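Undergrad: Start from the sequences and build out the full structure, keeping to the hints where you can.
Sequences listed follow chains A and B, in order. Counting from 1, one number per residue, gives the positions in the first sequence under the working numbering. Counting from 1, one number per residue, gives the positions in the second sequence under the working numbering.
Rather than coming from a laboratory, the hints here were simulated on the basis of the structure. Every value quoted in this text rests on a predicted model; they were computed, and no experiment measured them. Any given hint could be a false lead.
Partner residues are not named here, just some residues of chain B that face chain A (Cβ under 7 Å, in silico) [as the list claims (entries may be wrong)]: (1) L15; (2) G40; (3) C68; (4) S97.
Glycine is no exception: its CB is placed at the ideal position from the N, C-alpha and C atoms.
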Amino acid sequence: MSVDYDAIVVGAGPAGSAAAIALARSGRSVALIERGPFPGSKNMYGGVVYGRILDGIVPNWWEEAPIQRWVTRRATMMMTDTQALTVDFRTAAWGAPPYNGATAYRPDFDQWLATHATAAGAELICSTTVTGVLRDGNRVVGVRTDRPDGELTARTVIACDGVNSFVAKEAGLYGEVEAHHYTVGVKETIRLGRDVIDQRFGLRGLDGADFEIVGCTNGIPGGGFLYTNLDTVAVGVVLELPSLAKQDRRPEQILAGLKSHPAIAPFLEGGEIGEYSAHVIPEGGLAMMPELVGDGLLVAGDAAAMCLAAGIWLEGVNFAIASGHAAGLATADALRRGDTSAAGLSGYRRRLETTFVLADHRKLAGAPELMMSPRMQRAYPQVACNTAERLFTVENPRPKTGLNAIVRSELKAAGVKVADLGRDALRGLRSFG
Amino acid sequence: MSEYQEIGFEQRMALVDFRVSERAHITVDGDACRGCTTQGCVVACPANLFVPTSDGGILFNYEQCFECGTCYLVCNTEGAITWTYPEGGHGVVFALS
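TA: Written as structure tokens, this is what we have:
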């Protein structure tokens, strides 16, 4: 059968570019189709890129990738309306090669990664929306686009079309979509100037800070973040969809609440919003993942719900790159053997099982539910903050209260039973231990 | 140093580059919305594109859409919101995100 390409990759985000890189480097003809005017133009996040996965794809990537700052300060903040308790970690190790995490603007970063796909020989086709899949029986044999005469055929289609993945849904890889597995992230990029950021966050050179926040979402399961780019900061909230839809504060109002918090406002004073952005995030982990392989079809990145939203770990771009690259390699193997049926492409799942992509998701399968529970979201931040406040408030002439007595009374005030605490600790230990 | 000022919603949206297509990529079935008691799209859409009307329906705008997916995911009424991606090259174009 004559086809236009060995493979068509839908979406030139991190997953799609990584898939196209693997295929093009194997000498395969590959079309990388992007609906935006350039790769990354539709993409936002909130937002650290963990680069280790790039080592094997673009050696010394840190010398050329368009990053903003290297994260050397990682803080986790538990918040109530008026208090904040922060675990603030810094290390010089993350500020030197091979680095750990970086902040970046996705329109820059995604465009850069796509240049490695085109350099390897992939054909990047922008401003082209895939409107459906072409089938021969159950087998996917290409895509329909919104270009005139826009049908393109291929031996394999790799769906990297993001969290809404119309390709994976149309092909029947998703079961029923459950809204509680999704959050919406809303973010403001605020112009402050490089020197002001360095001073306020205690940074030098290209060192950067990333704060992850719990307890700042008005009771809606989710969280917040604040991180530094070179001369802007990004501040945002992530909100579970059904809970957001059930109350009466709009996303930008909830974000305004975080921005005016006494622990956050001083960082932002005098800044001007440069851009406001939003996107849905697949946070359900393993519980929401679709079938990863069909006849002639693979799905990777957010399209396969590969985002890891596990409280202390919030990662997505690295999972997208790893799954996209694995999909490209598995497709190259299948093409070599001349079998791109679901069975022929099943090497994809095996590759994911043997790397962090599915290993982390398996280990942390219970984490999203635990992190989104009312106790994690509200009660524990309140207990932690009130305990700290009472511990450090000097009430002379009254003698000090012991920590144990403070914690017990705060747990009681927050309505947390010791048995609940034990259960949550055990669940946490099972996930994170 | 000046206090941090919240800007109005229109100003906020004016900061974002939208390359508006002539074709609406969102359609809303007004009859279905009139029977909907929750209308979660109104509060949840980060671009505030859904506005309730006095007769219980929904007025919507597709032009300043982030293409995020929130509206159809929170919609309780099967088929009330039909949502596809805009034509290639159109819609939101981020720069600093």
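Undergrad: Now look at each hint and say whether the structure bears it out.
TA: Cross-check of the supplied hints:
Because the beta carbon of L15 (chain B) sits about 5 Å from the nearest beta carbon in chain A, less than 7 Å, this interface hint is met. The closest approach between the C-beta of G40 (chain B) and any C-beta of chain A is roughly 3 Å, which is under the 7 Å cut-off, so the hint is satisfied. Hint status for C68 (chain B): holds, given a least beta-carbon distance of 5 Å to chain A, under 7 Å. A distance limit of 7 Å between C-beta atoms decides the matter here; for S97 (chain B) the minimum to chain A is near 4 Å, and the interface restraint holds.
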